[in-house]
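Going down the list, the protein sequences come from chains A and B. Quick note: to get the working numbering, add 141 to the position in the first sequence (first position is 1). Quick note: to get the working numbering, add 48 to the position in the second sequence (first position is 1).
Careful, some of the hints might be misleading.
For lysine-lysine, the following DSSO-like pairs were computed, each having C-alpha atoms within a straight-line distance of at most 30 Å [stated by the list, open to error]:
(1) B:171 with A:144
(2) B:361 with A:197
(3) A:173 with B:89
(4) B:163 with A:173
(5) A:205 with B:199
(6) B:163 with A:197
(7) B:107 with B:51
(8) B:199 with A:173
(9) A:205 with B:171
(10) B:171 with A:173
(11) B:172 with A:150
(12) B:361 with A:173
(13) B:163 with A:150
(14) B:171 with A:150
(15) A:150 with B:107
Read the hints as simulated data drawn from the structure, not as lab findings.
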Amino acid sequence: MTKEEFIAKLNASLAEEFEVEESVLVPEAPIKETLELDSLSFVDLIALVESVSGVKVAGTEVAKIATFGELYDYVYERM
Amino acid sequence: MQKRVVITGMGIWSCLGSTLDEVAKSLYEGRSGIVFDPERKEMGFRSALTGCVPLPDLKGELSRAQRVFMPEQAMYAYCATRDALLDAGVDADYLAAHEVGLLYGNDSSTVPVVKAVDTMREKKDTTLCGSGAIFQSMNSTVTMNLDCIFKLKGINLTVSGACASGSHAIGIGALLIQNGLQEMVVCGGAQEVNPFCVGSFDGISAFSTRESEPQKASRPFDRDRDGLVPGGGAATVIIESYESAVRRGAHIYGEVLGYGFSGNGDHISSPNVDGPVRSLEMAVRRAGISTKDIGYINAHATSTHVGDANEAKAIRKVFGDRTVEVTSTKSQTGHEMWMAGASEVIYSMLMMKRGFIAPNLNFENPDEDSEGLIIPAERLEKHFDVFLSNSFGFGGTNSTLVIKNI
């Protein structure tokens, strides 16, 4: 899977799960504000990323990932 | 002096419909909500029969942040409660200004538990269960969800009394209002409808295996009954003090006259006669009426051999030679279990307000216990002003409500 294909697949899943338009899921956008995440729903982000990529993002790591671009890079490098 | 308790709102999500008018029409026409579910057969069920209850689509009505904590029975309960509050004329401003209570029957939440356990076993990582799993898995999932969605500020409690849960919720709510501890309580019962929640119940041979004729399978009191059919959904009634209802100018359906309860102190699955008798007698005594005043009995009768027989004996013992029409609406709905005590109050209320008794479907031949009862197999046009509703559950928990027309 190319990185573009991965990003498209992840964005489609994020849009469906968190009920946002795919157009807002751009590399520079902040994850927490865009998806309206709180401490509980961060868990759902971790579960969704794992289901799409097979990569488990540790809770301590996800807090350091601020934008979608950083998320794409972090996950794709570990796939 | 105890306060009078009245019913001012009703809402339901069931196999007979999702509005009061739809449900009343189904009752009037004697329509069965029971179907054959092929998925259950593939899973190894003895009986693949079930009540057919649609899953509500709440996307657009509730946010993702609200829905993520809701298993299916909480969705049913939300719809029933939304409609009941609307029916009662209770809006968000009223709920914000008053301590409205919540007592709801629920006694399982299977699918979220199964999913979480599957995830833990496969992934070896509890985080991957997701944020909603814990809240969906708890027995109190219905009350925790309803309380947060509707912003209720009174008592917030799940009643787990097996198949009498919904009835006990109404009875206990009435006690709180009678004693001045609450002015209004949202009461009800919810029941999940999926194979996982009833698989082990099927495993003890409790279900009818009349799969070739799904709509003839639930046949309470009939000589040839061979077990119950599981169903579900949710039902909500709004109860409040008579003074509160009058002050609000609310439409009053009826009055909760009496609540009786008892434990069998006996076998875990086999009901007896003495426990139900004491529940019936207590409800009639607390209602301050005679059995002669009761115009209809909505029986618990689930279509099992021992249960129906012992309930028939209990009714005959309490009512003596004086007979009154007895039916089980489970002939149409199957056994709605945790929901049944609340839904059957609504079914009975709809019949009382509209002057008929729905047919006890499939009652073709009495047995030695039911032959002493008047069990109409066809719809009966009849005016009555007081009904009695029985609900009995595993472990010997019994609840009886007596409700009067207003």
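- Query: Is residue 150 (chain A) within 30 Å of residue 107 (chain B), Cα to Cα?
  - Reply: At roughly 22 Å apart (the allowed maximum being 30 Å), residue 107 (chain B) and residue 150 (chain A) satisfy the hint.
- For the pair supplied as a hint, residue 171 (chain B) and residue 144 (chain A), is the alpha-carbon distance within the 30 Å limit? Within the cut-off at roughly 25 Å; holds.
- Given hint residue 173 (chain A) paired with residue 171 (chain B) - CA-CA distance at most 30 Å: Distance of about 25 Å is within 30 Å: holds.
- Query: Hey, residue 173 (chain A) versus residue 89 (chain B), does the alpha-carbon distance stay inside 30 Å?
  - Reply: violated, 45 Å
- Hinted pair residue 163 (chain B) and residue 197 (chain A), Cα distance within 30 Å: Given pair residue 163 (chain B), residue 197 (chain A) holds - Cα atoms ~18 Å apart, limit 30 Å.
- Query: Would the pair residue 205 (chain A) and residue 171 (chain B) pass a check requiring their Cα atoms to be no farther apart than 30 Å?
  - Reply: Roughly 24 Å separates the two Cα atoms, so the pair holds.
- Has the given pair, residue 205 (chain A) with residue 199 (chain B), been kept, meaning a C-alpha gap of at most 30 Å? violated, 35 Å
- Task: Measure nothing beyond the straight line between the CA atoms of residue 361 (chain B) and residue 197 (chain A); if it is 30 Å or shorter, mark the hint as holding.
- Result: Status violated; Cα separation ~61 Å.
- Task: Would you check the hint for residue 107 (chain B) and residue 51 (chain B), treating anything up to 30 Å between C-alpha atoms as holding?
- Result: Roughly 41 Å separates the two Cα atoms, so the pair is violated.
- Task: For the pair supplied as a hint, residue 163 (chain B) and residue 173 (chain A), confirm whether the alpha-carbon distance does not exceed 30 Å.
- Result: holds, 27 Å
- Item | 30 Å limit on alpha-carbon distance, applied to hinted pair residue 163 (chain B) and residue 150 (chain A) | Holds - the C-alpha atoms of residue 150 (chain A) and residue 163 (chain B) are around 24 Å apart, at most 30 Å.
- Task: For the pair we were handed, residue 172 (chain B) and residue 150 (chain A), check the Cα-Cα distance against 30 Å.
- Result: holds, 24 Å
Violated hints, in rising order: 2, 3, 5, 7, 12; the structure is consistent with all others.
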